[in-house]
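As given, the protein sequences belong to chains A and B, one line each in that order.
In this text, residue positions in the first sequence follow numbering that gives the first Met the number 0: the first is 0, and each later residue adds one.
In this text, residue positions in the second sequence follow numbering that gives the first Met the number 0: the first is 0, and each later residue adds one.
Treat the hints as calculated values from the structure; they're not laboratory data.
Heads up, a few of these hints could be off.
Stated by the list, open to error - Listed next, with one range per pair, are the computed distances between beta-carbon atoms:
#, chain 1, residue 1, chain 2, residue 2, range
1, B, 166, A, 256, 44 to 50 angstroms
2, A, 409, B, 110, 19 to 25 angstroms
3, B, 194, A, 316, 57 to 63 angstroms
4, A, 331, B, 42, 43 to 49 angstroms
5, A, 342, B, 190, 38 to 44 angstroms
6, B, 62, A, 316, 55 to 61 angstroms
7, A, 85, B, 166, 58 to 64 angstroms
8, B, 186, A, 372, 52 to 58 angstroms
9, A, 409, B, 112, 27 to 33 angstroms
10, B, 196, A, 334, 36 to 42 angstroms
11, B, 116, A, 346, 48 to 54 angstroms
Even for Gly, the Cβ is constructed at its ideal location relative to N, Cα and C.
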Amino acid sequence: MEAVTGAGGHAIPATRPHAADGVHAAPGVTPAWRARLEERGLAPLARTGRRYWLWIGFLLAVIAWALHAYQAQLENGLIVTGLRDRISWGVYIASFVFFIGISHAGTLLSAILRVTRARWQMSVTRMAEFITVVALMVGALFPFIDMGRVDRILNLVQYGRWQSPLLWDIFAITTYLVGSTLYLYLPLIPDFALARDRLGPTAPAWRRATYRLAALGWRGTPAQRRLLDRAMTVMMCVIIPVAVSVHTVVSWIFSMTLRVAFNTTVFGPYFVAGAIFSGIAAIIVLMAVLRKLCHLEEFITTTQFVNLGYLMAAFTLIMGYANLNEYITHGYKMEGAFPFHFAQLMTGPFAALFWFYIVGGLVVPGFIILNPRTRTIAGITAAAVLVLVTMWLERYLIVVAGLRVPLMAYEPASYAPSWVEVSILAGALALFALLITLFAKIFPVISIWEVAEHRGPELGPETSAMHEPLRRPAIAEGSTT
Amino acid sequence: MSRFFSAVLVALAMLAATAGTALAGSLPARLTLTAPAAAALGETVSVRAQLVDGQGGPLRSARITFVAPMSFLNGGGDVALTEGITDKEGYAAGSFVVRVVGTLALRAVFRGDELYAAAEASAQQLAIEGEGGHSFYAEHAGVRIPGLNEPPSFGQVLLMEPQGSLLAQMLALWPAMSGWPIAGALVVIWSLYGSVVLLLFKIAGVKRSEARPSEVAP
Chain A
0 MEAVTGAGGH AIPATRPHAA DGVHAAPGVT PAWRARLEER GLAPLARTGR RYWLWIGFLL
60 AVIAWALHAY QAQLENGLIV TGLRDRISWG VYIASFVFFI GISHAGTLLS AILRVTRARW
120 QMSVTRMAEF ITVVALMVGA LFPFIDMGRV DRILNLVQYG RWQSPLLWDI FAITTYLVGS
180 TLYLYLPLIP DFALARDRLG PTAPAWRRAT YRLAALGWRG TPAQRRLLDR AMTVMMCVII
240 PVAVSVHTVV SWIFSMTLRV AFNTTVFGPY FVAGAIFSGI AAIIVLMAVL RKLCHLEEFI
300 TTTQFVNLGY LMAAFTLIMG YANLNEYITH GYKMEGAFPF HFAQLMTGPF AALFWFYIVG
360 GLVVPGFIIL NPRTRTIAGI TAAAVLVLVT MWLERYLIVV AGLRVPLMAY EPASYAPSWV
420 EVSILAGALA LFALLITLFA KIFPVISIWE VAEHRGPELG PETSAMHEPL RRPAIAEGST
480 T
Chain B
0 MSRFFSAVLV ALAMLAATAG TALAGSLPAR LTLTAPAAAA LGETVSVRAQ LVDGQGGPLR
60 SARITFVAPM SFLNGGGDVA LTEGITDKEG YAAGSFVVRV VGTLALRAVF RGDELYAAAE
120 ASAQQLAIEG EGGHSFYAEH AGVRIPGLNE PPSFGQVLLM EPQGSLLAQM LALWPAMSGW
180 PIAGALVVIW SLYGSVVLLL FKIAGVKRSE ARPSEVAP
């Protein structure tokens, strides 16, 4: 294996000894393949090109503009937004639900796939877990931005009520963020050790010190493997109900509010399904981007895209079913203000967004994925982008159209996001991209040891994940990485 | 001729309408209000008013509104607390839950009808006792752990008289208790997180002298 040297970077001496040398490996893993895997996996940590800094600069500029917009909001109050007394939640809360939704991508999906022993997912779990942590960090900012008076945050603690879903939400998100961070960290330990051992002395001292500290003295001994296996099993079992509960609690913020359009019991499972749906889309998009930028074509193949695409297609059906269930039940009875709500959604001011969501988010992506001609990496990625956009719109419709239904005999309010809200949303997206970019610079974007030990190379088209024999992805005792 | 009769009819109608307007609400009505002098925060207060005509005869089927001046943010005005319809003896009754501490200047209002003029009555100020001078809702705000920083309580539910079957009473408590199962789940989850962190410490504590895996691997 050749040493890797990047512009402005440092070498990865392939000959440097590491605890992983002589490991138990998945079928088909050769030393050359493993060397390529390590080289590709660790290369972003060593190389930093000019385009990287340009990208960082662009993201920082967008964030700076968003901070300027937020400063305007702090100075003048929420009057600079489109929010008023009748429609008091808008882009901010829609984005909050959206980001919390895509945070399900990672941990939940990664845990489910690990529990179900789906070997094909080993290449994408790390990216999925990145998304979770970053999306939670960004999404959790929105309620505070929506508060207007950010100095009153402490009131949530001082005057919070156990009976309030808002307080439940704070606890749920905090719990999920901590759990997701732990779940991201555990499988990173062997990779930190790999980075510690592989990155040469030319790497900055802070970076070597960080990897040494984060690796927790990992040498891949049987005892360490047993402990790591146990910790990952605990987290796998805990994180699934935690992730489900988080989005259920988010849905309760709506369904426990006395509003006509929120008055439904389907919101819990509907929000969870929507979260997983948009989460899968987020993974596909990130996978496509990092695959291209980090040259991971050999390790992230059509298999991952197609399998995640199938999963996304299945969720278009689940989401379609949930929508049908919701609209046909209320539409059949047309009680109270539902005629107004249905009219505004289907033929009124929200009709274009609503039908774009139904057709563009639930019908077209399914067709793209199920059609063999369009079932390509580019096609599946396009479908995922469509899902992400329409799922944001879906949250916008729930929030804004729901609050627009009059509670009393007054004229329906109108809402349009102001430049402040749009700028802050752009800033949040930029912050999301920035954190992912920084994470990809510090952590290997694929779980090198898991891919080497539990997945291995694709041997041919017939060994697609759908037909692979199941194999427990536990950490084999006595093997090393 | 027909034009003449039409003009007469219109004139008579206008006269009748004018006379009716002039006569409506001109008869005097008198209202008296009976209300307690004091109440506790959260208590249901019953009020009663009697509406009689100028000769003291009871007026039935009249709507009486019980109001009190209140302010909220930058606005203020009379807030209708409850209302009732007078019975054959002229009595109208209503009840409401007091939600603020301090004093309440209660009034009963009859807005008048086609025969009787509007009337109002006030009672002595209703003194409402409560802790700290806060509003009713703030009474239970804050994260408080029963047994830790406050005695066991189920919030405002305890302020009401228990009604219905035991099951109904338990269901009535649910809104106040619904946070506790979540708190219990949080304790379990965070304990498991703690156990994972302990495992991390154990991983870091595995002695360097332990056999290298390449040495023990088959």
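Quick rundown of the hints versus the structure:
As the Cβ distance of residue 166/B to residue 256/A is approximately 27 angstroms, the hint placing it in 44 to 50 angstroms is violated. Taking the beta carbon of each, residue 409/A and residue 110/B are about 24 angstroms apart, inside 19 to 25 angstroms as hinted. The hinted window of 57 to 63 angstroms between residue 194/B and residue 316/A is violated, with their beta carbons roughly 38 angstroms apart. Between residue 331/A and residue 42/B the Cβ separation comes to about 44 angstroms, which falls inside the hinted range of 43 to 49 angstroms.
For the pair residue 342/A and residue 190/B, the supplied restraint of 38 to 44 angstroms is violated, since their beta-carbon distance comes to about 50 angstroms. For residue 62/B and residue 316/A, the hinted distance range of 55 to 61 angstroms is satisfied, since their beta carbons lie about 57 angstroms from each other. With their beta carbons about 39 angstroms apart, residue 85/A and residue 166/B fall outside the hinted range of 58 to 64 angstroms. Between residue 186/B and residue 372/A the Cβ separation comes to about 53 angstroms, which falls inside the hinted range of 52 to 58 angstroms.
Hint check: residue 409/A to residue 112/B, Cβ distance near 29 angstroms, so the stated range 27 to 33 angstroms holds. Under the hint 36 to 42 angstroms, the C-beta atoms of residue 196/B and residue 334/A, about 51 angstroms apart, miss the expected range. Checked against the given bound of 48 to 54 angstroms, the beta carbons of residue 116/B and residue 346/A, roughly 51 angstroms apart, stay inside it.
Hints 1, 3, 5, 7, 10 from the earlier list are contradicted by this structure; the remaining hints agree with it.
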